[in-house]
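Engineer: Sequence:
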Amino acid sequence: MKKFFSVILFFIALLPIIPCNAQEEYTQLTNLPTIYINTFDNKEITSKENYIYATMHYVDSTGVTRYDSMQIRGRGNSTWGLAKKPYRIKFKEKERLLGSERANAKSWTLLANYADKTLIRNAIAACMGTFAGQPFTAAAQFVDLYLNGEFKGCYQISDQIEIRKKRVNITEQEDVATADSNISGGYLLEVDGFAGGEPVYFTTDKGLTITIKSPDEDIIIDRQKEYIKNHVQKFENALFSNSFVDPNIGYRAYVDSSTLASWYIATELTGNVDGFWSTYMYKEKDDSLLYWGPMWDYDIAFNNDYRAGDVNEYLMRDRAFSDVLTKVWVQQMWKDPWFVRLINRTWKELIEKGYEEYVLNYFDNLVAELDQSQKANFGIWPLKDRVYNEYVLFSTYQEGVDYLRNYITKRFDYLTKAFEEGERSVVEIRPTPEFTPNASYYYRIKNKDNNLYLDMVSESIYTRMSAVKESQQWDIVDTGDGYYYLQNRATGLVITDGATTSWGKYSCDSMVVSQEIIAEKARQQWRFVPVGYGDMYVIENKLTGLALTKIAGDASRRNYVVTGENAGTETDDNSCLWYIDTYKEKPMTGISEVEAARCEYIVTYNPDTRTVRFIAESGATLDGTAHICNINGTILMQSNIGQDIDVSHLPNGTYLLMWHDGSHNRSVKFIK
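Here the working numbering is used: the first residue of the sequence shown is 9, the next is one more, and so on.
Quick caveat, the hints were computed from the structure, so don't treat them as lab data.
All residues carry an ideal CB built from backbone N, CA and C; glycine is no exception.
Misleading hints may appear alongside valid ones.
[Said to hold, decoys possible] Computed Cβ-Cβ distance ranges for the label pairs, DEER-style:
hint	residue 1	residue 2	range
1	N85	G215	15 to 23 Å
2	A475	W346	35 to 43 Å
3	N369	N177	49 to 57 Å
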């Protein structure tokens, strides 16, 4: 009996406390609904973490609705420190607080909009997002709030960002996962500048901190954390890969293009300088895509933060806060012509459907609706004073809304021009083509990882800083079958793979060496394997199959070069990726002036007989093969150097004569 009595006392303690003025009539202050919240014992709300019990009366034209055993606490990050505080309320049971078109939920928010002297920036942003195609945008029901009998001003009832029907409508993982659980979704995430203060978050390789909002912290297990972290990392890796523009293996395979476009357009249209500091996204079960949104927190958007200055004619991808969060991803996406075209195409479609007219009509109706409430609000809160980071201050409410409306109309015009200009300036990123060297030129070979150039120093191979010297110039000499010698201009030596074998396999990380050309030596022959997009190549050895790779060293001056594991055409290891830059045309040498002392023979061209002749200094018969090529290095004919070469059938022009004299590959130009 004693035990039963204690249980009754506990239950009574949880019952709602009816305030002393409960018998008084609850009335609407203005044309907006009015809500009255009374905490237990009029207790002050001092915490963002701990709820306290309260009752609430919701008053509108239909009457008074009482909610018992509800709870209330503070909410927000920087806004919680302001005088007019935002709150989160939670009902005992799920409630359709805003009617059948909105969620049936326990948790709702009361936004103070204190830093926004128009009070409507969050509502206008939601309107923009809805028209742009965001699947969910937060509610904007404005009310007058009394808390413990004291008028607190005009507030906005809005949704809590959570997984729920008519909110983020994906599968919720609401139970602790077992070994058989499908942990592929759903997940609600936030790229979050405040993630360090959250209970569950992770950091990507690019340094983005991402909070896991759902599954809840008391539900989620390590296996789920690793799953979603790895999935987001796959997206980021694909976004910054060498094939990032590829529709199948690039980042597009991980994003829902519709929500990506609508979220990004809304971020730019609102001029939300916090849009990349806080970015929501979500993933559904058995779905590999990341969906973008919901949109949230726009009180310092629309040119309302002096720290950013006037951003009316700037893109947020350039001016938004934080260069280490979502902006990192967006700026990379802007390098993809597909993304630029997606945004401009989507924007044009929205404009044609009446985007601007829809937003401005909503704006005007909302301003009229709030007229009485804003007067009451600014009767207790300062209108003319800076309370946060407002960019422009106003003497009247009307000046503030005129400023906001003017921003919106100008922003529509600016984005139409900016998105169009973005598409006009698109630089196509084509797949890396097959490499065909021009025999008339020397080349420079640059490593993608450190942007240093392949250099031969005292017969050793390094990557070094750019310099105008012959040791960084390479003659890429065709050996047939798609392979080439990499012959240094300064020394005449060629790069040779020095890899040894271990357990029947060529060992990685062996230094490459320089040697004289040895005919048919496969260690000296290399091919250029196209990789991804942007003219990058793996340089693969014919004998070992290993790839030319730079290794650690003084990154600003030089790195040693070895041969390493060849990951093939899909590699993202930038240390084994190279740019091949046409550098300098070979000197134009008169064919009759090749030094006899150096070569022990001379080469002549007789314009009368139109023949090329090799003449040995000793009068001996020469043996070897010569090729006549066009200026692009395409072989047109070949002949033995021991006999006259008749070129009379070739049209007039400049040609290359290429031959091998037993120790060197040589070439000269001649004009027919």
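Engineer: Sort out which numbered hints this structure fails and list those numbers smallest first.
Structural biologist: Result: hint 3 breaks, nothing else.
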